[in-house]
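Here the protein sequences come in this chain order: S and C.
Under the numbering used here, residues 1 to 286 are what the first sequence spells out, in order.
Under the numbering used here, residues 1 to 286 are what the second sequence spells out, in order.
Rather than coming from a laboratory, the hints here were simulated on the basis of the structure.
Fair warning: there could be bad hints in the mix.
For chains that are exact copies, the list does not tell them apart, and a pair is met inside one copy or across any two.
[Stated by the list, open to error] Capping the alpha-carbon separation at 25 Å, the derived lysine to any residue pairs in SDA-like fashion look like this:
{"id": "1", "residue 1": "2", "residue 2": "239"}
{"id": "2", "residue 1": "129", "residue 2": "206"}
{"id": "3", "residue 1": "19", "residue 2": "70"}
{"id": "4", "residue 1": "248", "residue 2": "38"}
{"id": "5", "residue 1": "248", "residue 2": "34"}
{"id": "6", "residue 1": "2", "residue 2": "277"}
{"id": "7", "residue 1": "248", "residue 2": "223"}
{"id": "8", "residue 1": "19", "residue 2": "129"}
{"id": "9", "residue 1": "19", "residue 2": "235"}
{"id": "10", "residue 1": "248", "residue 2": "204"}
Number of protein chains: 2
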Amino acid sequence: MKRIAILGPGLLGGSIAVKLRQLGGCRVSVWARRAEAVEEVIAAECADTATSDLAEAVGEAGLVVLCVPVGAMGELARAILPSIQPGTIVTDVGSVKGRVLAELGAIFRGRGRFVGSHPMAGSEQTGLKAARADLFDRATCIVTPDENTDAAALGEVTAFWQQLGCRVVALRAAEHDVCVALVSHLPHLVAATLINTVAAKNSHAFEVVGPGFRDSSRVASGPPAMWTEILTENSRAVDEAINALIAKLTDFRQMIAGSNDGRELREFLAAAKATRDRIFPKINNG
Amino acid sequence: MKRIAILGPGLLGGSIAVKLRQLGGCRVSVWARRAEAVEEVIAAECADTATSDLAEAVGEAGLVVLCVPVGAMGELARAILPSIQPGTIVTDVGSVKGRVLAELGAIFRGRGRFVGSHPMAGSEQTGLKAARADLFDRATCIVTPDENTDAAALGEVTAFWQQLGCRVVALRAAEHDVCVALVSHLPHLVAATLINTVAAKNSHAFEVVGPGFRDSSRVASGPPAMWTEILTENSRAVDEAINALIAKLTDFRQMIAGSNDGRELREFLAAAKATRDRIFPKINNG
């Protein structure tokens, strides 16, 4: 029976465990740093074993999934290195790939077979208590192979995410970071900035918010420490994305001040609507 | 029995009709400009009478609700003036209040009793086909009385929106326009700008969008012509809002470039999260 180790039972790690338990056919060990977190995993009955002993968690695993924040990946990778089998496949769930991938790739060059992953699932909720089996249903998971990636390991990791319900896309790490800066990191920081702008300009306005503002700002309820790490880690691509947004907002100011009967403005809004309706067909809008 | 006339059976007008029909206790007439729209109302069975004859629709009404786009309000108001009773209460659903309110207020100064309203309900869907009885459930409706507003009429209009399920807030027209520029118009144009920025920078990024981008951009699927009118009509307050957002985004660029171990960035994100979690307690985040 396949043995899978999940390191870090947060929202992502916990949801993987819950889903694997539902699917059956594999043996799941979960590692958590804190004893209370181990107890929570045991109470949630989502793993065959739960331990704070790294060597015990990964020793017999064919696949190890690192589910800790980006900033903790390197240390954890180095810590498990002596305990994994030479052919063990290791993957992660980090939201930024460039630097982390280079670091993890180097660590597992001589032992283990590393493949970077980024399942684009999550919510503004956090922790094992928010874990759910359907978190990955139809979510996109980006895998980021490079010239050192073992082809068989890439295949196994791809199949793993597909089994959890993901659509898998392969991108180079650098391309990954540019794409997520645009569609994930930029919306996050814009949501936070939107809220702080309203708070600074006229906090009475919050008394009349509707569902539009609620949805537009939802992601800003995500964990600040985690997002600080992500935005800092991907600062170059994020800065370029903000810059591009500011340029378009500046164009927008010209358009609403313009005297061409709103034509430019209408075309701008129509282009955005057409793009969005193509990306998210009506059925997924609910 | 109370007689209510709804002029314009779009998403808002249609939803009012559907809800009134569900509540019972009043007689509803609906006016639509086009014969096909009248047929749709009849087919939807959400009114006692449906007609394209304005005088017929409003002649016996105690309350008339103008549910047409902001740009069409003035013309419609002038058109019904000869047909309403002297004491008929007239309200509207316009998203911008300043100029329109002054215009409508003047039109109804001698005949009818006008009270401005803005039910903050809606969706990116449009038209009678999207109408639903629960559209106003727990939505905020802003009423905008001024020194000429008849107190009894204000009370009736307030009770009307409450009966439909709204929480009613009274604001001066100018304050209304500043508030909605911040919590409704700014999120809308930001969503559109976000989409157009990604499209311009790297449209491959759309292949890896997740639920965060979907929700952040949802409002951008709204009708471009309607939003062009709203943004143009409220251009002064909107321009100030954009300007404030750009200033905060510029601060943000400094923060991610900063070398203070992410403290400022974390505080910025934590402030946004705290504000949002206060406005939208977890139970409404679904």
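State the violated hints by number, sorted upward, taking the hints as numbered earlier in the document.
1, 2, 4, 5, 6, 9
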